[in-house]
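Visitor: Make a model of the complete structure from these sequences and hints.
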Amino acid sequence: MRIPAKFIPLMATAFVLASLYIAGCVSFDGFGSLRVLVNLFGDNAVLGIAAVGATFVILSGGIDLSVGSVVAFTSILIATLVGKGLSPFLSISIALLVGAAFGAFMGWLICAYELPSFLVTLAGMFLARGLGFIVHPQSLGITHPFFLDRVTNGLAIPLNDRVSIPFTATCYIGIFVVALIGAHYTRFGRTIYAIGGDEHSAGLMGLPVNRTKLLTYTLAGLCSALAGVVYTFYMQSGDPASSVGLELDAIAAVVIGGTLLSGGVGFMAGTVMGVLIFGLIQDIINFKGDLNSWWTRIVVGFLLLLFILLQNAVEMISKRFGRKLGAAA
Amino acid sequence: MSTAATTTAPPPAPSGRFQRREIRWWTSLLWPVAGLALLLLFNLLFTPGFFHLEVRDGHLYGVLIDILNHGSKVMLLSLGMAVVIATGGVDLSVGAVMAIAGAVAAQLINRPNVPFPAVIALGLGVAVLAGCWNGVLVGVFNVQPIVATLILMVAGRGVAQLITDGQIITFTDPRLTYVGNGDFIGLPFPVWLSLGMLAITALLTRKTAVGLFIESVGDNQTASTYSGVRAGRVKFLVYAFCGLCAGLAGLVEASNIKCADANHAGLFLELDAILAVVVGGTPLTGGRFYLGGAIVGGLFIQTLTTTMYMQNVSADVAPVPKALVILIVCLLQAPVFRRKMVAVFRKKGAT
Amino acid sequence: MENDSKALLEIRGLAKSFPGVKALQGVDFTVRRGEVHALMGENGAGKSTLIKVLTGVHSRDAGVVRLDGAEIRPTSPKSAEGFGISTVYQEVNLIPQLSVAENICLGRQPTRLGFIRWGAMARHAEAALARLDLKLDVKKQLSACSIAIQQMVAIARALDVSAKLLILDEPTSSLDENEVEELFNVIRKLRAEGLGIVIVTHFLDQVYAIADRITVLRDGQLVGEYEAAKLPRMELVTRMIGKELSQLAPKQSTDAVETAAHEREPFVEFIQCGRAGSIAPMDLTIGKGEIVGLAGLLGSGRTETARLMFGIDRIQTGEMLVDGKATSFKTPGQAIRAGFAFTPENRKSDGIIPHLSIRENIVLALQARQGVARAISRKQQDEIVEKFIKVLGISTPGPEQLVMNLSGGNQQKVLLARWLATQPRLLILDEPTRGIDVGAKAEILKLVQSLGKEGLSVLFISSELEEVVRYCDRVAVLRDRAKVGELAGKQISEEAIMHTIAAPQTK
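Top to bottom, those sequences are chains A, B and C. With positions in the first sequence counted from 1, the corresponding number in the working numbering is that position plus 69. With positions in the second sequence counted from 1, the corresponding number in the working numbering is that position plus 130. With positions in the third sequence counted from 1, the corresponding number in the working numbering is that position plus 43.
Keep in mind the hints are simulated off the structure, nothing from the lab. Treat the hints with care, since some could be wrong.
[As the list claims (entries may be wrong)] Calculated pairs, DSS-like style, for lysine-lysine (alpha carbon to alpha carbon, straight line, at most 30 Å):
(1) C:LYS121 with C:LYS331
(2) B:LYS470 with C:LYS391
(3) C:LYS121 with B:LYS337
(4) C:LYS368 with C:LYS391
(5) C:LYS232 with C:LYS182
(6) C:LYS273 with C:LYS207
(7) C:LYS422 with C:LYS95
(8) C:LYS533 with C:LYS433
(9) C:LYS121 with B:LYS470
(10) C:LYS183 with C:LYS232
(11) B:LYS477 with C:LYS331
(12) B:LYS337 with C:LYS273
(13) C:LYS207 with C:LYS232
(14) C:LYS433 with B:LYS337
(15) C:LYS373 with C:LYS422
(16) B:LYS470 with C:LYS95
(17) C:LYS182 with C:LYS273
(18) C:LYS331 with C:LYS433
(19) C:LYS207 with C:LYS331
(20) C:LYS331 with C:LYS49
(21) C:LYS273 with B:LYS470
(22) C:LYS273 with C:LYS391
(23) B:LYS337 with C:LYS422
(24) C:LYS422 with C:LYS433
(25) C:LYS433 with C:LYS391
(26) C:LYS121 with C:LYS207
(27) C:LYS49 with C:LYS207
[Unchecked claim] If you only want the chain A side, here are some residues facing chain C, beta carbon under 7 Å, derived:
(28) GLU183
(29) TYR254
(30) ARG256
(31) LEU273
(32) MET274
(33) VAL334
What you are looking at is a predicted structure, and each value in this text was computed from that prediction instead of being measured. C-beta: ideal position from N, C-alpha, C; glycine also.
Guide: Quick look at the structure:
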């Protein structure tokens, strides 16, 4: 059975993921333990959820540089509101609303005035970052029992008497599943793919291009806000200075996961694998102990290069192949 | 217009309808200079002591001098970024390259047997190499510039940390510290460096054919290729040059703080550089580039930062005005927005 | 026009103008049910404007459009689809990264509770393709299919959206003979089902193979509506070009110096050069100082030939000789170094550098050949530019004027100046006088003629037969992407060229 060319990068990602995991298990005691596996999802949930939103934007052919700033802003907003006495549910709801509205604002500018998403989301990044500091100039701990007792401890799913699935991991997996369904089983999701593939044709085919693009950025804003909420569960605090550069990590995870930065091709599952690869590299470095953390950046950069060249190669091959099929006799 | 003119062309028409005339070299500076002037006006009115200058021990001191000094890094970066953006690309890795250059220089200067010229040469050389790396990816392999330079942006800091072994490397050698802190004829050395690079870049691009090729490739790559211009080579060149500029900026910064900090060197400066270039009039899509505009843009950003500092706005909040500047410049450059504005004004004029 | 009871589409008195251009004036167009109707015309005839008005991209200024007897006013492609009018464009406007099934059903995927049912979608797509007698793996990515298949998928989608009227815009440009025949079988099947099909095409042979009736437009006006079986080819060509036999210019004027072809030393020779999907293998020789014309209807392969000669596309079969030596150009740069020059058909996208000045545009190719290091001094540049502004009569307040602000004619002159500055040995001109006012046209053509006398070889591509006849020493005639004849010296006349174009293939 011939495997369609477009799955090759995804398989490569899976291969890298599996190799890293096996290498880790073989090299270190305890690497293959349940706890490490479970924490892999839990520790990287913030990045993972943010990357889900980034995947949608990149699939549509755009880019979102505001992710990290919105995460930080959301976290400090929640911490501040809760600190002022607002109920956790209300605080979280407000934060999610603000995140979505922020995304919608950027999306509107991009659609209505045909501004480049790179610059608009760059402005968004600066804006959100500054606004976070205006809300509260430093990190703020959250002492409300909801966050620690009811959520982080209470909603953890025990697997055995020593290990339980952290709530952040559950959140991540849950959001991933919803996103997967959305991307592959709704017209909205398929329209995003179509716009990323060929926006002009999508318009001619009668698809609601502008409306979908606007919604995509709104969704990305919502995901960033969700990631910020998960951050508060994870860190029990909000911090306007956190998540600097998160958007780049997210983009790297998306690219390594097989999604083309030009749009139209990609997999939600691929992004998850990219995030896990991220986490595994860091775990390996931690376990090794004597390697310094900056190796993470170098390895990720190397993987990025590899996958970009792989994507280029696959595109060239399928173009030549396609030409053979279509060439006049 | 269809007359078979056989006489020589008439002299340039007096200023009437703006679009039809030739573009004088200074009209492009109008907007960024106006923005800068507005900022200075604001400071004149609301910031006491902003324009105060004094001479001490033969050196000039004052807020304006600080702006020139601290703004040098962005000004240096913006020169390289301008030519890259002119070809329709972008270089996100300049901050990381700054860190690498600083790291190399700091390590070498602390070694006893390395002659000073070699320290500078190697520091810059590594930066140029990084630029060449980007240039090969974009010019030869046709990788999208955002993606290609993202790789070095991510990995570059790791490389810098590798070189510094994770430490912050301090140095005291006066020859190296002069680069960032020294004075020359009253003004800080980095200012001279920026002006010097501006002059060199202007010379290189306008006295050789490089400037013409860069602009034609950015404006219409197909037509340029049909005319025999080698777009791949031109692109390679601009990224290598951008690397050089980043190297210079990196040396200045490391010298400023008398240490190489791989984590923080040049952090977010790539965004400031892009902003400076765009404010300076070079369109993000490529084509004509304005070196003078980029420099003024850099000054604008530095002035903005300093203004807020003097107005006691926390440095953390400073990004907000930058965001507004980006949006305003974007909107002004967007044809859809301009059309809507023209329509609005026409309606108002008609009633 | 008589009131046709079988009419599916009736257009009467359609008019559409854009600033400065009357694209359509008083055009009537009728399509019956169960008919294939060819819409033909040369450049500027108004075909694409007619289609765009019909599909809602443009709004009409005047006239009536009736579908099935009811008047309609489509406002967008989607609303046109709602009326039952679907279009398949030459560029196959689908999403290459998605599967065949998805492309057919995009926007209308079968869902349950909002979730797409992929199985049902695949079956639906298969059914849509079966209507065209096509069986495909619908899960295959569209870009992995040949252009011919992609077109079928586009047609399947168009029909699926419920089409009463199917418009095919240049459907056969990228297809080989077998694929064209398959497409025609599908069209015949749809015709038998009662669909009305409009086909816009330049391929004469294909029109006679598939069309029932032909409508010819010229310069925005209706020339006539004919039954294909009753219209001789020569008449069709005449109608399209717009000249009655009696109106044709006399054969070659005495301006041209007559030199027998064998007396000239060959400079560039094509020996059975061809490229798949571009042109069939052909022989073509250009002598030194000779002006060779490429004549043919739009879409006959003239630009493709030029692209092969200039190194933009690679020659796949045959070989090219320059000065007797086998040569192949991988890039235009190599061709330029061999002394070739090329002014492309599409000035705006392939020719001018819009935001640069006249001076910069003119010196570009010369500078590119000299390289980066040896910059042409400003003084030299000014001399070159001044000379060409004078010689070509470029009307401008100054050499620093941005090229995008010039009129079409002046832009073309700037392009010419760019190439003449390189002192080429071969100048390939692709439609050099298109969209240019009469005065500028004459200037350019006179210049071309004098250059020929000075020893410059010229390959002159033009749709204006009058120009071709007047200025060329030899004319190669192309039709349907192949060379069908060559005329030299005394043989050249508009009538002879049109005959050669119209003559049926003697295969």
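Visitor: Hint by hint, note whether the structure agrees.
Guide: Going through the hints against the structure:
1. C:LYS121 with C:LYS331: Violated. LYS121 of chain C to LYS331 of chain C sits at ~55 Å, over the 30 Å cutoff.
2. B:LYS470 with C:LYS391: Roughly 25 Å separates the two Cα atoms, so the pair holds.
3. C:LYS121 with B:LYS337: The hint is violated at about 54 Å.
4. C:LYS368 with C:LYS391: The given pair, whose Cα atoms are some 35 Å apart, is violated under the 30 Å limit.
5. C:LYS232 with C:LYS182: 25 Å, holds
6. C:LYS273 with C:LYS207: 27 Å, holds
7. C:LYS422 with C:LYS95: 50 Å, violated
8. C:LYS533 with C:LYS433: Since the Cα atoms of LYS533 of chain C and LYS433 of chain C sit roughly 35 Å apart, the hinted pair is violated (cutoff 30 Å).
9. C:LYS121 with B:LYS470: Roughly 26 Å separates the two Cα atoms, so the pair holds.
10. C:LYS183 with C:LYS232: 25 Å, holds
11. B:LYS477 with C:LYS331: Violated. LYS477 of chain B to LYS331 of chain C sits at ~61 Å, over the 30 Å cutoff.
12. B:LYS337 with C:LYS273: 68 Å, violated
13. C:LYS207 with C:LYS232: The given pair, whose Cα atoms are some 14 Å apart, holds under the 30 Å limit.
14. C:LYS433 with B:LYS337: Answer holds: LYS433 of chain C to LYS337 of chain B is near 26 Å, not above 30 Å.
15. C:LYS373 with C:LYS422: Violated, because 34 Å separates the two Cα atoms, which is more than 30 Å.
16. B:LYS470 with C:LYS95: Answer holds: LYS470 of chain B to LYS95 of chain C is near 25 Å, not above 30 Å.
17. C:LYS182 with C:LYS273: 45 Å, violated
18. C:LYS331 with C:LYS433: With Cα atoms ~27 Å apart, LYS331 of chain C and LYS433 of chain C stay inside 30 Å; holds.
19. C:LYS207 with C:LYS331: Violated: LYS207 of chain C and LYS331 of chain C sit about 56 Å apart, past 30 Å.
20. C:LYS331 with C:LYS49: 59 Å, violated
21. C:LYS273 with B:LYS470: 54 Å, violated
22. C:LYS273 with C:LYS391: 41 Å, violated
23. B:LYS337 with C:LYS422: 12 Å, holds
24. C:LYS422 with C:LYS433: Roughly 17 Å between the alpha carbons, so the hint for LYS422 of chain C and LYS433 of chain C holds.
25. C:LYS433 with C:LYS391: Holds, because 23 Å separates the two Cα atoms, which is no more than 30 Å.
26. C:LYS121 with C:LYS207: Holds, at about 14 Å.
27. C:LYS49 with C:LYS207: The hint holds at about 13 Å.
28. GLU183: 19 Å, violated
29. TYR254: Hint holds; TYR254 of chain A Cβ to chain C Cβ min 4 Å, cut 7 Å.
30. ARG256: 6 Å, holds
31. LEU273: Because about 5 Å separates LEU273 of chain A from the closest Cβ in chain C, which is inside the 7 Å limit, the hint holds.
32. MET274: Given a least distance of 6 Å, the restraint on MET274 of chain A holds.
33. VAL334: The hint holds - VAL334 of chain A has a Cβ within 7 Å of chain C, the shortest such distance being about 5 Å.
This entry does not satisfy hints 1, 3, 4, 7, 8, 11, 12, 15, 17, 19, 20, 21, 22, 28, going by the numbered hints stated previously.
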